[in-house]
Structure formats: structure tokens, C-alpha cells
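Engineer: Residues per chain are reported as follows:
6 protein chains.
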Amino acid sequence: MFTHQKAPQFDVKAHAPDPAFARRFQEVLGGKWGEMTVAMQYLYQGWNARLPGKYRDMLMAIGTEELGHVEMIVTAIDQLLDKAPPMAPDDTTGSTQSSEFGLQNPQHTIVNGGGAYPHDSNGIPWSGAYITASGNLMADFHLNVTAEMQGRLQVSRLFHMTDDPGMKDLIRFLITRDHMHQMQWLSAIEELKADGLDNVPVPEAFPLEEEFGEFARTFIQASDGEAATEGRWANGPAPDGGGDFRSALIQATGEARELAPGDPRLYGTNPLTETKGLVDKAKDALS
Amino acid sequence: MFTHQKAPQFDVKAHAPDPAFARRFQEVLGGKWGEMTVAMQYLYQGWNARLPGKYRDMLMAIGTEELGHVEMIVTAIDQLLDKAPPMAPDDTTGSTQSSEFGLQNPQHTIVNGGGAYPHDSNGIPWSGAYITASGNLMADFHLNVTAEMQGRLQVSRLFHMTDDPGMKDLIRFLITRDHMHQMQWLSAIEELKADGLDNVPVPEAFPLEEEFGEFARTFIQASDGEAATEGRWANGPAPDGGGDFRSALIQATGEARELAPGDPRLYGTNPLTETKGLVDKAKDALS
Amino acid sequence: MFTHQKAPQFDVKAHAPDPAFARRFQEVLGGKWGEMTVAMQYLYQGWNARLPGKYRDMLMAIGTEELGHVEMIVTAIDQLLDKAPPMAPDDTTGSTQSSEFGLQNPQHTIVNGGGAYPHDSNGIPWSGAYITASGNLMADFHLNVTAEMQGRLQVSRLFHMTDDPGMKDLIRFLITRDHMHQMQWLSAIEELKADGLDNVPVPEAFPLEEEFGEFARTFIQASDGEAATEGRWANGPAPDGGGDFRSALIQATGEARELAPGDPRLYGTNPLTETKGLVDKAKDALS
Amino acid sequence: MFTHQKAPQFDVKAHAPDPAFARRFQEVLGGKWGEMTVAMQYLYQGWNARLPGKYRDMLMAIGTEELGHVEMIVTAIDQLLDKAPPMAPDDTTGSTQSSEFGLQNPQHTIVNGGGAYPHDSNGIPWSGAYITASGNLMADFHLNVTAEMQGRLQVSRLFHMTDDPGMKDLIRFLITRDHMHQMQWLSAIEELKADGLDNVPVPEAFPLEEEFGEFARTFIQASDGEAATEGRWANGPAPDGGGDFRSALIQATGEARELAPGDPRLYGTNPLTETKGLVDKAKDALS
Amino acid sequence: MFTHQKAPQFDVKAHAPDPAFARRFQEVLGGKWGEMTVAMQYLYQGWNARLPGKYRDMLMAIGTEELGHVEMIVTAIDQLLDKAPPMAPDDTTGSTQSSEFGLQNPQHTIVNGGGAYPHDSNGIPWSGAYITASGNLMADFHLNVTAEMQGRLQVSRLFHMTDDPGMKDLIRFLITRDHMHQMQWLSAIEELKADGLDNVPVPEAFPLEEEFGEFARTFIQASDGEAATEGRWANGPAPDGGGDFRSALIQATGEARELAPGDPRLYGTNPLTETKGLVDKAKDALS
Amino acid sequence: MFTHQKAPQFDVKAHAPDPAFARRFQEVLGGKWGEMTVAMQYLYQGWNARLPGKYRDMLMAIGTEELGHVEMIVTAIDQLLDKAPPMAPDDTTGSTQSSEFGLQNPQHTIVNGGGAYPHDSNGIPWSGAYITASGNLMADFHLNVTAEMQGRLQVSRLFHMTDDPGMKDLIRFLITRDHMHQMQWLSAIEELKADGLDNVPVPEAFPLEEEFGEFARTFIQASDGEAATEGRWANGPAPDGGGDFRSALIQATGEARELAPGDPRLYGTNPLTETKGLVDKAKDALS
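Residue numbers (full-length UniProt numbering), protein chains in the order written: chain A, 1 to 287; chain B, 1 to 287; chain C, 1 to 287; chain D, 1 to 287; chain E, 1 to 287; chain F, 1 to 287.
A portion of the hints provided could be inaccurate.
For identical chains, the list gives no copy identity; a pair is met inside one copy or between any two copies.
Calculated cross-link-like contacts (lysine to aspartate or glutamate; reagent style EDC-like; alpha-carbon spacing at most 16 Å) [to be verified]:
#, residue 1, residue 2
1, 13, 204
2, 193, 240
3, 13, 163
4, 193, 169
5, 13, 169
6, 168, 11
7, 168, 209
Since the hints were derived computationally from the structure, they do not count as laboratory data.
Quantities reported herein were computed from a predicted structural model and do not represent experimental measurements.
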């Protein structure tokens, strides 16, 4: 159950309208790696957690904090759209107007009347497919690490696309929290290991003896880029402690198989010996 | 530039048709974390890499290998759909037939005529939005780690949904390669750090002095789950070496702001003093 | 800014697992008219509101309440998926198992490991396109009325698809709140009118003299269903007080226009006189 | 069954090409609240109606009329794209050309060769998910009211984004029909009530005694915006005649529940006592 | 402009409800190759045609006919859903009920209340991206040929999935019209050629001397399937009359290029010489 | 199984960055008719082919070649984005900068850090729904013909949107291969006929005597465009050799049917005689 208060965690104040930056700011609101994604991802992971205690409680705390970040970016975009002109008042042909017109997301005026929405910087709607809550915290916490990295990367880029001091401060705040949250997930991964809950290869519980060992530590070379085998992933001890990495050229160990002819009632293209008389078969099938 | 050979990296042989498992197997072909995703993600990361050498070459190698895994799962699904009956031949009302009918993905017969397609286990088409190639290898390699974890998790679950020895062998192969690939990405992350190319917080190049330090190491509690502050993420030294984690209740430091009234030509709901005479304003705007 | 507490507004307790009902319950979680939609719609309408005071405050209150309903349905689906068997333990061919297998959403096990997600009953992800915050409260409150009606309709139907007393109680709670919320939006519409903020036709501020009056009160008959003109919408005074409804057969008042030929560099199909020499034109355009 | 005539219901004539307005006009053709949506929504509601007579006949009439509006806007966009230059003939670097280039929807030339398509102003394709035909006319007619309001709002905004007298006339026509159609649906809602077919709360047929009465007339405050309880929705008689509105702070009446551990074959994160020996359990499950 | 009459072009009468077949029938209503697609594709091609006369008129005729087929399939699905039970009345655990429940599309009851919608057999909504109107009739008529082939193929498969004589008659009608329409588009392609409007390679107007001749008639072998070069596409005169087909192994004629380092403000991974001092560069960029 | 080499089939070299053209070039990479589509379509058709030999081998060859074209266009877009400025260095208000900013796809910098992705020119992600592999080669080869025509049309249009000689050469190469591939599919269609594998109407195996002959050769006129019946599709012998084309006005041969009332537990709008007492029925249903 949630409660809400109107004052935000950090101040949000654009000093001047800027529809072009409003369009770009949508990316970290409703884009694949935006605040909608992390808020919903952490909440669903928390709700679905079948392990009570610190991990679940932590997920609920951070998911709830991120909901507030959604609110802050919405407010920022709203301010950037203040008096966003649907059209320049007295000069409709000059390049300034045209260019300003072209910089806008047209839906910001036509659809939303000067407001934000859960879509990305090209207007593509946020999708529930952006989030994952797999039930396995180790797999999901690694996703959360990259989410905070992708997020910090994007706001760092946005930092260079505005001169508005209020927007720069808001971005600094978001960059700082993404810094904290990267460390949070990395620490939580270590804690999961220390608590004996899972380990690499994830999921650890699947029995290793079911694997085909010859494929477990071999880097397979399928391209002609020779430097590929120079990395740690192809040399030295593998991190699971089971042996050394090695490398090999890709090779076919399986058989090139032909598929069986299809059911005649599906009217696909079958071998001629099958096709001959297909009409009869189909007719028979009809009776 | 690619070349293809018909024999696969590992043998693919279903011992008997099983349309219900064919439907489920689609998840790791065309689902968010399926083989289409990892193949395309690694290739796009490799193509877009602005750093020549081992990382780029390695991405091309593994992306190309994964394309072959797409082929293998397609072949497996095709075999599982052999003679998939559009309808039971002589008993259309019994529960067996009905249930078999219900277990199928209807598009496997109606649309594909007994073949696989790049869609997930509910028939949702694969999306280019599933992949990320951010230009930052550190952020992307963490995504690749979780991709291999989510992938191994899903095939481990599928392992328990079939009794077909050929399918179980194919799944064992996939599980093994996911094991290797998890280690590969974890090793590549360590190598990126060792090579001085990036570090936590990602991107490292964004100047830390631009951050608001008071938010950089604080776990913020926004839920009433008390165990949330018991984890490593709220206690002890933070992994970036910059100080200790601490925790605090969420609090509002910003101001609850009211938005400015909108442009009358957008016909939104504005304060009454603004609305009074809005018709006149709008009329004026028309002339 | 939000805070969260773990105890829900109303109790959630499934008495037994039921994967088939879990699949159906997803509709009112992540479907077009589900709780994700109303929570996000009301919050975005509130955040974007350019009129401070009771309407905006009310939107924030109800949006926050609905977030808690998202949490409740997620919890319910999780319980319904307790021990959802990936496959029957010892009988993989019998119709009971097969049918149970067919009733499941395969992603509930393969992807989520026994958890809910923001998708509908067919597994289609929730979309940001489901919500509207137009900036005009009158238009949006009418959308909110129908959202609560479609929602109450769907949970009323779900009421007949389960025998679980805990689930029936949760549905009763949701039905009751939808009842309240229908009345809430209808009252808010009346208040908007009483406050002089807008009226039919929405938006009232667009000057009526710009309309073509002859089309403003005429029901146009374009089908041969004769009863269409028997309703109130074709007879008696129109609700805007501007005159009586009337009806007329649809008729063409405009001209059937031909389009101009296209630019030759677009290589579309143009009239022959244009096409003759198109190769030359294209060649000219190339130099 | 439909028939078509080439002359339109109202004249369509753009006086000059304007690719930037063509892009914006797409919103009311293929956007969520555009003509494709209302045409298809009314037709599907009519086709699916299980009540013969005036309501069904009216739906078919208006749906058919709206199909003609789709045609009119397509024609308008086509005219606005006449000779839409793929690139300025002799000045490829000046800001005018660049800006004109930036104002265009690139698919209007590259994909359509100077034609309209069922996509919105950002190029997002129209979706069948935009329409609802629930089988309950009362719920659907409320959706239709808001559809006409959102539609009139959008074309009113577009009215200020063009100076073309032909386009302004077409927009005036659309605004006028949306005025009529708002009144049509409001009248139809009153008629449904008068005919005793349904009423608030929709659906009326679900027995009120199944509801939890204490939640049926209470406005629940979950935010700190104090004005929220000043509206009619929290004071005075509720519109269903069953009593007075009241308000209350949100409170938890349910229990914070922990989920049961998951099936070991799903490899989720379970409590340690469950996890210890999980490998063994999984192994057992394999045999 | 359209008009509608209630009687259909061909009779629609299901003899008994069949929710499982209703689910499957959705494929040819709202699937990629269903009636929604051909109706809209032909109408948009006709509306956008910049060549007046027989082709444009023909497109409007067939598009309008197909709209009526949409109506017919909607009606059929509605009948198949008559009394579709949300749940069996008195036996909720038996396999028959469960299996029937599993065969249904859950949205047919929960969302639509027993009605059809523009979605496919897995419930995926119809998309405006399914249709193409390129402005080039030759390219589009070839798309129309395949649309009628894919359509006839799907209804032929559906023919074997029902025993209902009314549904079989409706399918026979659809199969027959698809037969006619295949011939119609093939004839129209011949007529376009005879009228000198376009030819292979489409678009003919692009000057052949701009092509690289050595690639214009060569089948390129990139796989080890040796039979690939046995077909007509690799031997004998090419259909454009410009010479003989030949075949060659795929070979690299271009250079393996390295990309330039990225702008430091994008924080991508650049060569170490670039990265060294990146922090300084980024800082400089900030001032 | 695939292998990769870094040198491309044809050289890729942009002479100067051009973010506006980079945005447009995305259309033939990740758009509906782009290289992702043809590569994946041909590979899936090849993998799913149930007829071994030349057709299957040919599909694998061309699909593999097209994968290399994906790589080439990605490389081209990357080069066009070299040093794509997130914002002009010293002039943030002038129209040049603004216009350049407006011409960009914002995700090229914010999300990808200067790289390509599998999305179209409006940023819409590539979809698995773009490809079809029906199992029937005749139907699919006709789709492949149009794919190469739509593709050649789009790159021909792009040819006029850039002055970069390297990009023009790359486009010439693509245009040439599309020329070859159009001929390849047309030849393959002839070969399928010559081999007796299928013919018009596709699928040939569905027995013609099941059709309703009176509809098989009649062009049906549903619009008032009189020229529609002047084409070959309405006159002379039909291409299947079964008789002459004829034409007729569309007419209703079926009955206008009313639907049965719905199940009361679905709470739809039913006839009044049904509705009267619906509350009681619903109540009964509850007990």
C-alpha cells in the first residue's frame, strides 16, 4: 500500500521552456532504461519474491523511491513544455519557427496539451516487456546493475544537451542516485553469494553433471577477428574454479537433418513424391 | 560477411512430435531473453564498437555462434511440430483431442504450416527493442551477463517440461554454453577494468565532483520493511572506495511546485482566472 | 514522493493454487483496462494538471490508492501460482495433466518462475499507450468513468470464473471500489461544470461560430438499419440547448478529387504522360 | 456489406503542400483517438451487439460515416505531401532545407512515396488495442463520449497549426461532427437508462449485496493534498442514491503476507532452509 | 464515402457454438494476413494512388468488398461464442471443462463479453504496420498477390479445423474469392506492364547504368548447400533480357573498417589513447 | 551454423558524418522492408522448408548473404554518426544548431552513443511480425518478390537524399542486388510451377470443387468508380484457364442475422425481455 506527498525528494525547477529538451528527457522517463522501468522492475521483483526478509524489503524501498523519480521527471518535462507554442505567433515561414516546430514531439501539444507521458524520446510507448522479474534474485540483480549503468549513461549524455541550471541539478541528482544504486546491486550480489543462495553459473542448483563438460570452458571462435582469443575469457582459470578456459574454432558436431514432409491438410510444399497425389489426399481428408 | 553450413554445432533430434513443448520452446527462440536476442545483441554491440581489437572480435565470434543456436532451436521446434494435427482425425469431441488442440500455438499450424517463427511462447513477436548496444562496453557486458543468466534459467526450467531424450540433450548443450558465456562476460568485465577502460560507477568518466555527495552512499528507506537496512548495501564500505554506506528515511527536500497555466490554444483546464475569458482569448488567437 | 507499507488495503489470500485463474486474473492487472492503467492514468493526469487544488489533489489520492491495487492483484496471482507444476510429476500423457498444462500461461513458469507480470491474459505486455492525460480534465474524467465501468465489468465476469473464497472476496472489494470510483468521476464532471471550467461540447472554449452549423445537430444515416433514427439522438432538443436534433441520409457535398502526380524521384506510379520520359527525368535528377 | 462512392461527405482541398502539417495531421488519422479508432470502434460495437434495434443500427450508421472521415483525412494528407521534396534541389546545407527535412515524417517519402498511412504523428502504427467493444453498451457509450471529446480537443489544437484555408475548413467540419457526436452518445446514455437496460454502477446487474458496503461511498485519501476532500466526490449524497459520500485516510486492513517457497524445478530464490539441499532436490526431480 | 447495408454478401450461420474455433478464426480476421489487412491495404493504396482511372477505381472496389468480409467473419465469431461459458455450471474440476476453458481465448469473455475483435489467434492486436501502400502499384500488386495466397492458405487450413457446415460454407466462399483475387492481381500486374507503367526491375525508372553490372545477374552462394546453384535463378537467361544468370561463391570485396572514436560526451568505450584523459576532456566539455 | 569474416561483400565508406541521413538509412535496416526483414525471412523459410534440395539450399544462401547486408548498413550508419554532436559546441540558440538537433534521431546519441540499431527511420523497433514463413514456397516466394521490390524502391528514394559518394555507391550496390533478387524469386516461382509443386490458385491442392464457382471469376464492383471494370481483371480469359472473367455489382446474398442474447454472467446488454430479471438470474448464478 502506498501513500504520496506532494513535495519531491529533490527540487525540480526548469528556468525556461525547452520543448526540444523535453522531447529528449522522455527517454529516461518512458524509454527502455528509464525511470518507469526501474520503478516497476524493482516493485515486481519485490512483490514476487518468495524469500522474505532483507532482499524483498530492500526491493520495495528502492522501487518506491524510483516511483518518486518518475514524478520528478514528469514535472520537469511539464515545466519544459510551459507555453510550448503550437505554432509561432506571427511568423510561420521563417526557419526559426520551422526548426522549433521540428524539434518538438508533436504529441506533446496535440495529444497531451503540454504534458509528459510514459513514452520514449521517439514517442514509443513504455512496454511491460521492458521489465523482468524472473523469481531468481541473482539473475535479476545483474539486470538491475546494468539498468542503473544504462540509466546513468543516458542521463550523463543528457547532461550535455541542456544549459538550464535547474535541469542540470536534477540530472546531477539522478546521476548520483544511479551511482549509489549500482553499488547497491553489486553489494546485494555479493551478499546473495555470501548467504549461499546462488552462484555462478546461475542457477547454481541445476546439476553440473548434466552439462556436456567439453563445452563448458571453451571460447568458440566463429569469426576471423584474431584478437578474440587474446582475452581472459579464452585463457587462464575460469571463474567457477572448474578448470582453465581454452579456445577452439567453431565446428559442426551435429548432422544436417531434413525435415519430414508436412501434413497434407496444411498445404505446405512437400517432396514431389508426396505432392503427387496431394490433391487426392486432401480430398480424402475432406470426406 | 557471413557464410553458412548446414550441419549444426550440436545435433538436433526430437524423438517424437510434441506441439505443447514446441509452443514452450519458442520462449528461448523469440522471447525477450531467447537466442534471437543474444545473437542480435552481441552482433550489434560488435558492429557498433568504436574500440578495435579483442573485445570487438570476441563480440563478433559469440554473436555468430548464437546465430547457429537460433537455427538449432528452429530445427528442434520444426521436428516437434512434425505431423502436428490440425484436428484429430476421427474424434473431434473427446477431451484428449480438445486438450491437445488447446496445448498448441494455433499459429504453428494456421500461419506457419508446421514451422517455428521469431515469437515467444505466447506468440508475441520478437522486438528490436529487446537488444541494447549502448556504445559503453562495461554497461553492455553487465547486460550480457544477465542475458546468459536469464537464458540458462529458462532452459533449466524447460529441461523439466519434456521427456524427449533428444530435446534434453539439446537443452543440456544450451545450458552448458550459457554456463561458459556467463563466465566469458564476467571475465570480460574484469578485463575492461584491468585495461583501464571503465569502472564503477559506469560511466567512470563523468566527473564525480558534479555529483551531490550526500546522495551517493545513502540507502534510502521508502517502505516499512525493516530488514531492508540489514544488508551490505546499507552498511560498511561502499565498493567504489569513497566511504561507508549509510541509510536514511526518504524525505522531501524539494518544493511542491504548481505548473503554469497552459497556452489557451491547447484548450487544457486552466485556473478559473485564466479560464474566464478563455473563449475570448481563443477567439483572439484565431484572428 | 511515495512511501510504502507492506500490509495491504484489503486482505489477499488464495486458498489454493489455480494457474488457469492466475492467467485470467492478469487481464485486470496488465490489460488495457486493468489496475496498471488506472493507477498510471490518474497519476499522469494529476502530475500534468495545470490547475492546482481539489482536482489535482484528488487525482493524486486515487492514483496512489490504485497503485496499492496493483500490488494486491500481483500478490493474488503469485499465490495462485504457488507450486504451479511445470509438468505433472508422474503422468505426462494423461488428459488431466495435458489440460492443466494447456490452461497455464507458459511464461508464468518459464519466464517469471511462478510470478505475475504487467501483461494481460494473453501475455501481451502493458503499454504506455493505454493511458491518456490530455490536459483537459473534462475529456479525461469521461475516460476515467469508462475505465471504472470497463474495470468493474471485467472483475464481475471474473467473479464467475473462480470458486476460491479468498479470490471472491478480493474481487468483491475491487467491484466495490469501482462502484465508488464511477460515482467519483461522475461527481467530478458535474463539479467541473458547476465551477465553470468546461462544458459540452468539449472543449467549450473553441468558438462555436467557427463550426458549420448545419452539421452540428444532424444524425447522419449511412446504413440501412431503419431503427437508427428512432433514438433520442435524432429527435428532440439537443443537450447543448442550441436546437433540435434532426436526421438526414448521408450525402456527398464534396468533390471527388484526383491527386497530383508525384515527384519522379519517389518512383511512384504516375499518369502515363508523366511516366513517359520518367527515366529521363530521373536521370536528369541524378546529375 | 459496404458500398463506396468517390465524392466525399465534405470537400477536401489543401491549397499548398505542407509536409510538417501532414505529419501532425496523422495524429487524428492513425493515433489512439483518431478516425481509424472511432470508425472501427463503432463498427465492432455494432457488429457484436446482442441487442437488435435502434442502438445497433445507430452504431452501424455512425461507424460507416466515420470510415468516410478516414478517407477524407487520408486525401488531405496526400495533398499536403504533393511534391514533398526528398531533398532540396540545389541547397543541401542551408538551414531552411535542413529544417524542412527535419519537419517531415521520413516514412512519408521513403516508405509511402508521398502518401498517408494508418500511423500517428510519430509514425507509430495504429493498433487494434485502441478499440473496445465490451458487449456492455453503457460502458462503451461512455468510452465513445470521451473518444469524441479527445478527438475534438486534438482537431481544435490542430486548427492553430495551419493557415491553409482548405485545411481549416476541413477541421471545422470535423470539429462540428465531434460536437454532434458528443451529444449523440450522451443522449444514447440517457436512453439506455430510460429503457431500463443498465445504470450506475455499471454493470447494474451485479448484485449490490455482494459488495462490501463500507467501501462503496468512501473517498480514500492517500496523498497529502488537502484539497482532495473538498470536492463533491467526498461530500453530500452519492449519485446512486444509496447514501452520502464520506472520506477517510487510506489504511491497511489486510495482512502483509509472505509467499510460499517456489517449486525447486523453477530455480527461483527460496528461503535458505529450502535452498539447502536444493541441488539434491533438483537432482531427485531429474531422475 | 461509404454506405452500409445489414445483409451480407454471403450467408453467415454457425450451427453451434465453438469457442476453440472462434479463437482460431480470429487469425483471418485480425492477423497479419487477415481481412482487416487486405481491406485496409487496398483502400489505402486506392486513396493514395496518384494515377486516376481503372487501377484506382479497382482498388476502391475490392477494398470495399473486403470490408464486408471483415463484417462476415466478425459475425461468424460472435455466433461461435454464443453462450460461451465463462466456467462450467456444475463441474469445475473435470477435464472436459478444464480443457474447454483452456481452448478459449480468455479475452473473448473477460474483455469482449462474447464478441470478436481485431486481434489474431493469439490475441495480438492488428497493427497498421501490416499494410503497405508504397505509391508504386507494381510493387504493391505483388504484395497483394501474396496477401491473397497467404489468406487462401490460412482459410484452407481452417477448413480442416471445423465440422460446422455453416462455417465450412463461409470458408468455401472466402477460398473462392481469394482464388478470384489472386487472378485479379496477377492480371493487373500484366496490365501495368502492357500499359508501360513499370516493369522488372521495379522501379524500372531508376537508371540501370547506375547499377554495378557485375552484381546484377549473379547468384551468390553463401551456404554449403550445393543444390542451390541447380535452379533457374543461377542458369540461363535472366528475365530482364539483359544477359545470363551465373553463380559465384560469396567473397569480400570491401575493406574491414575500424570506426572512429566517439565524442567523449557520449561516454562510450574508446581506444585507450583516447580514453586516457577522457575524464579531463569530459570536464573540459562541462565548463 | 555460421561463420563470419570482417571484410564486407562490398566496401562501406561514408565521406562525412550526416546524422539526418543516418536517421533515414535506418528505414532499410530495421524497417518493415529492410535488410533485417529479408535476412530473417529467407533464413526462416529455409530452416522450415520440408522439401530438401535446391529451394531450401537457395534460401539459406540468400538469407546468409542478406545478413552481411545488415552488417554493411549498420557500419554505414555508424560512420554517418561519427562525432554526432549531442549539442553544438558554442552556439546553442542559432537556427542551424537547432535544426541539426531536430534532424537527428535522439536515440542515436542518448541510447546508442553514436550507433545503429534494429529500428526504422522513426525509431520503431523491428518486429518478428514483419516476416512470414508459411510452409508454402509458392506463397512465400511471391512475398519475397515484393520484398525486393519494396526494398529497391526505398533505396532508390534514399539515393536522392544524400550527396555522399560512398553512400551513393553502397546504395547502388544494394539496388543492384535487389534487381538480381527480384529476378531470382520470379525465376524460382516459374521453377516451382515447372516442377509441379504448386500453381495458381495457391494452394493448388485444395480441391476446386469445394469452391462456389459463381464467385471464382467475377470482379465485384462495390464503388462508383466506373473505370474499375475496364481492366483485364474483369474481361477476357482468367489466368487459371477455367473460363472468362466477368463483373457484377456487389449484392447481398445472405441474411441480416441477429445475435443470440449473451450469457447473463457476462453482463452485456441484452434484449429487455432478457434483461428484465437479469439481476435475479445473475443472483441465481451466484448461488
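Engineer: Compare the structure with each hint and give your call.
Structural biologist: Evaluated hints:
no.	hint	verdict
1	13 to 204	neither (48 Å within a copy, 27 Å between copies)
2	193 to 240	within (13 Å within a copy, 19 Å between copies)
3	13 to 163	within (13 Å within a copy, 35 Å between copies)
4	193 to 169	neither (37 Å within a copy, 29 Å between copies)
5	13 to 169	within (9 Å within a copy, 41 Å between copies)
6	168 to 11	within (11 Å within a copy, 43 Å between copies)
7	168 to 209	between (54 Å within a copy, 13 Å between copies)
Violated hints for the displayed structure, listed by number in ascending order: 1 and 4.
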